[in-house]
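Participant: Chain residues, written in single-letter form:
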Amino acid sequence: MSADGLFVIGTTHHRAPLAVREKLSLSAEGASALHAELATIAGLREFAVLSTCNRIEFYGVAANADAATRVTAAFCTRQQFDAAEFEKIRLSLRGREAVRHLLEVAAGLDSQMLGETEIFGQVKEAYATAQTRGSTGPVLNRVFQKGFQAAKHVRTNTAITAGQVSVANVAVELALTIFGSLAAARILLLGAGEIGEKTAKAFQSRGAAALTVASRTLERAMELATTLGASAMPFDQHETRLAEFDVVVCATSAPGTVVSLAAADAAIRKRPARPLFFIDLALPRDVDAAAAELQNVFLYNLDDLAKIAEENRAAREAEITKCRAIVTEKAEALWRQVEPQVAALANNHTAPV
Amino acid sequence: MLSDLSDRSWLWAAAGFYLAGFVLGTFSLLRGGRPSGTANYALIAAGYALQLVGLGLRGRAVGGCPLGNTFEVFQFTAWSAISLYLIIGVTFRTSLLGYFTSCLAAVLTLVSLAIPAWDATRRAHIFGSNTWIEFHAALAVFSYGVFALLALTSLMFLLRHYSLKSKRLGGWFSFLPSILDLDHISVRLLGAGLALLTVSLAVGSVYWLRDMASVTVSKLLTFVLWAAYATALGLRLRGALLSKRFAWTCLVLFAAALISLGLVDANRHPNPPPLAAVVQP
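Read top to bottom, the protein sequences are chains A and B. The numbering of the first sequence is this note's numbering, which starts it at 1 and goes up by one. The numbering of the second sequence is this note's numbering, which starts it at 1 and goes up by one.
Source of the hints: derived by calculation from the structure; they are not laboratory data. Treat the hints with care, since some could be wrong.
[Said to hold, decoys possible] Here are the computed lysine to any residue pairs in the SDA-like style, where the Cα-Cα straight-line distance is at most 20 Å:
| no. | chain 1 | residue 1 | chain 2 | residue 2 |
| --- | --- | --- | --- | --- |
| 1 | A | Lys307 | B | Phe173 |
| 2 | A | Lys307 | B | Gly64 |
| 3 | A | Lys270 | B | Gly239 |
| 4 | B | Lys165 | A | Gln164 |
| 5 | B | Lys165 | A | Gly163 |
It should be emphasised that the depicted structure is a prediction, and the values quoted were computed from it without experimental measurement.
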């Protein structure tokens, strides 16, 4: 066995549709049991399992080609998935290509949402789990640890993570641009639909604590408020109490204007020094467009947010070449470091981990 | 070797560091990146240290605070603005404040160094033997440094306001601080600058009341400026001067402050400079 004994095998969102990925998804118990099973495979020196909603990947160092095949077989058996079908969607890389893939994954370059940072935490968790279970060794330890450094380098030195790419996160980013911090910002959610809920959750994830929900049906508002840990408000009070809020997320299905120019004007007059930010996610629009002209009032509608998200996405894609160049360079250097260790481990025909 | 360097050489070196900060920031922005807050802060801090040495040498040579001619006033104003930036800049480390500050400091110091006439003469013992009036002048110029920084945060506010209203948030607009943070820091700077100018004028008033003949129109202009800044702060706190209008007012008042500074300085009667402070060829 050569230094190609380092491998990654699995599948990702690039190859497998959601319905298939659902079948391949590992539960916590399943992952634990599979880990115990993989540890018995002869010739498998080291391994780590990365399981997210978009990918299932097995990183390993093996003394023979058969070990990698047996990993796939064990996984398919556990998931009751046809091995021949898995073959069609299988990702299989060896040696320096496997190293490069790990670096790309950790840097968010292989993610569905390019440049997302959540994957970095997931890779770290996968490595920590493998380390705790004792299935990593000198090669994977070095590859993962150096991989984290390389991913951080990519994120710091390129604009791959710059700007938000979802409408809800763009709205939150805008609020931060206005208020600096959301800890003291009071947020009103008008409408209890899905998009409003998503946006409210995005606000909460960035530190917003004071959230109020108002909906045509008070029961629905209370229900959502309970889910979000927020408070509810009767819908007919939204105009009179507008001045109490800093950010107003409008996502109703009302056929006409919900926040009039007069109401916005009256609200800002009551709190002239503090900006008032309207996020109008409704179609037709909830807020009178003329409110944008008021001093210290900022109004963004769905098109505005979608345009910013699209610009950010394009900016991230423009960075991909630069990122890949960095990753290739780092992967090459890392591979040169670990290649002798991989060869030594692969040629050492001792018991499995 | 270093002891042989003239005060102006140290001040040239300081200006070079400020310029380097500005050039580095411009280069980063043109490349579409964020100016390095740490690098910029380090360059400004290095420039500040060198400027301190230069102004210290000049002060020792003239036997007092170096505020005897336009050159020294500009240098001292830039130094005051940087002093304050080094304190509040920590909060805005990743924003464009350092970039704008290095730009302002480079302009003030380089322009004053590039015009030899501004440093050709200076009034020896401009404050006589009265240390209080020297304290008054130093405090007044320091307050102008604060107002210079206020002008920068106001400019940044206007840029941020424009970006939010016009919905252009990408590029270097993304490196500006939040509009509320800029507003808060501007109000605090206005309060601090006004407090310093108030103390300065209070000290000066004691002196001028004893010698009413020394009160010139240019000195009265400083009082007018103080009143204008005080009115702006009062209106801002009462919610009558907000957002863009407040920012524009701060910018206009700083322009007026610079003009009044020139008038006050021009009103002095030049005397031969002390030998140690003579401009080096």
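Participant: Could you run down the list of hints and mark each one as holding or not?
Facilitator: How the hints compare with the structure:
1. For the hint linking A/Lys307 to B/Phe173, the alpha-carbon distance of about 16 Å falls within 20 Å, and the restraint holds.
2. For the suggested pair A/Lys307 and B/Gly64, the alpha carbons sit about 60 Å apart, so the restraint of at most 20 Å is broken.
3. Between A/Lys270 and B/Gly239 the alpha-carbon distance is near 10 Å, which keeps this suggested pair within the 20 Å criterion.
4. Using a Cα cut-off of 20 Å, the hinted pair B/Lys165 and A/Gln164 holds, with the two alpha carbons roughly 19 Å apart.
5. Under the criterion of a C-alpha separation no larger than 20 Å, the hint pairing B/Lys165 with A/Gly163 is consistent with the structure, at around 18 Å.
Violated hint: 2 only; the structure is consistent with all others.
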